[in-house]
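> Residue-level listing of the chains:
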Amino acid sequence: DAGVIQSPRHEVTEMGQEVTLRCKPISGHDYLFWYRQTMMRGLELLIYFNNNVPIDDSGMPEDRFSAKMPNASFSTLKIQPSEPRDSAVYFCASSPDRVYEQYFGPGTRLTVT
Amino acid sequence: SQQGEEDPQALSIQEGENATMNCSYKTSINNLQWYRQNSGRGLVHLILIRSNEREKHSGRLRVTLDTSKKSSSLLITASRAADTASYFCATDGSGGSYIPTFGRGTSLIVHP
Chain Y
5 DAGVIQSPRH EVTEMGQEVT LRCKPISGHD YLFWYRQTMM RGLELLIYFN NNVPIDDSGM
65 PEDRFSAKMP NASFSTLKIQ PSEPRDSAVY FCASSPDRVY EQYFGPGTRL TVT
Chain B
147 SQQGEEDPQA LSIQEGENAT MNCSYKTSIN NLQWYRQNSG RGLVHLILIR SNEREKHSGR
207 LRVTLDTSKK SSSLLITASR AADTASYFCA TDGSGGSYIP TFGRGTSLIV HP
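Quick note, the sequences are listed as chains Y and B, same order.
Residues in the first sequence are numbered from 5 upward in steps of one, following our numbering.
Residues in the second sequence are numbered from 147 upward in steps of one, following our numbering.
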């Protein structure tokens, strides 16, 4: 397996624009997690899915953020409209079970100017 | 959910020396995990230790868990320059939520 795949790897956009981050989890993993990492706040869990169903989105900062998982092999995290404070590295991770190790993707570095 | 806190925040050592990082947490756990993150990369799982275990080894890594003190340590023996990375502990909550929560990490620099 190629591991967790994220795209794009880098995204630079202007404030107010819509941003869509994509993730392909490892095949057979039932759990998918979205994280945001910044120097100030560390690694924050935004939302996680189990069998494509969102289970806990309490970490989503505000209504500008939304996440979907239309099928077992694809998830998106959308920010609309984007703001400079959204600049961060966004990671997607998958796991065969919530108690097991998580496999992280390479991340998407988002810069909002 | 709780967040583990790693200590120290930064650690600088010479190649060949041992590196010890600590993680403290506030409430009881089911599992504790350690991850490594190289600069610009995603986190990589190193080791998972369950609440009923006291010590685990994996290669040059040794993890201990003291549930009475609510703390864990990660020891890297005979460090190498390639061990330079940030190390995170992730704790889950024993109240039913097994989803791990990550600390802020320890930044380790190993000088060749």
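Rather than coming from a laboratory, the hints here were simulated on the basis of the structure.
Note that the structure is a prediction, hence the values are computed from the model and not measured.
A virtual CB, placed ideally from N, CA and C, is assigned to each residue, including glycine.
Heads up, some of the hints might be wrong.
What the hints assert, rightly or not - Output of the computed footprint for chain B on chain Y, the stretches with three or more beta carbons under 8 angstroms from beta carbons of chain B:
| # | segment |
| --- | --- |
| 1 | 12-21 |
| 2 | 42-50 |
| 3 | 77-85 |
Said to hold, decoys possible - If you only want the chain Y side, here are some residues facing chain B, beta carbon under 10 angstroms, derived:
| # | residue |
| --- | --- |
| 4 | G7 |
| 5 | F37 |
| 6 | Y39 |
| 7 | V57 |
| 8 | M64 |
| 9 | D67 |
| 10 | F69 |
| 11 | V116 |
Claimed, not checked - A short list of chain Y residues far from chain B (calculated; beta carbon distances all over 10 angstroms):
| # | residue |
| --- | --- |
| 12 | R26 |
| 13 | S31 |
| 14 | P58 |
| 15 | P65 |
| 16 | P88 |
| 17 | R89 |
| 18 | S91 |
| 19 | T117 |
> Each hint needs a verdict: does it hold in this structure or not?
Outcome of the hint check:
1. 12-21: Answer violated; 0 residues pass the 8 angstroms Cβ test.
2. 42-50: Contact hint for the segment 42-50 of chain Y vs chain B: holds, 3 residues under 8 angstroms.
3. 77-85: violated (count 0)
4. G7: At 9 angstroms from the nearest chain B Cβ, G7 of chain Y passes the 10 angstroms test, so the hint holds.
5. F37: holds, 8 angstroms
6. Y39: With a minimum Cβ separation of about 8 angstroms from chain B (threshold 10 angstroms), the hint on Y39 of chain Y holds.
7. V57: violated, 15 angstroms
8. M64: violated, 15 angstroms
9. D67: violated, 22 angstroms
10. F69: The hint is violated - F69 of chain Y has no Cβ within 10 angstroms of chain B, the shortest such distance being about 18 angstroms.
11. V116: violated, 19 angstroms
12. R26: Given a closest Cβ separation of 15 angstroms, the condition holds.
13. S31: holds, 18 angstroms
14. P58: Given that every Cβ of chain B is farther than 10 angstroms from that of P58 of chain Y, nearest at about 13 angstroms, it holds.
15. P65: P65 of chain Y clear of chain B: closest Cβ-Cβ about 16 angstroms, beyond 10 angstroms.
16. P88: holds, 21 angstroms
17. R89: Given a closest Cβ separation of 19 angstroms, the condition holds.
18. S91: Non-interface label on S91 of chain Y holds, nearest chain B Cβ at 15 angstroms vs cutoff 10 angstroms.
19. T117: Consistent with the label, T117 of chain Y stays out of reach of chain B, its closest Cβ about 20 angstroms off (over 10 angstroms).
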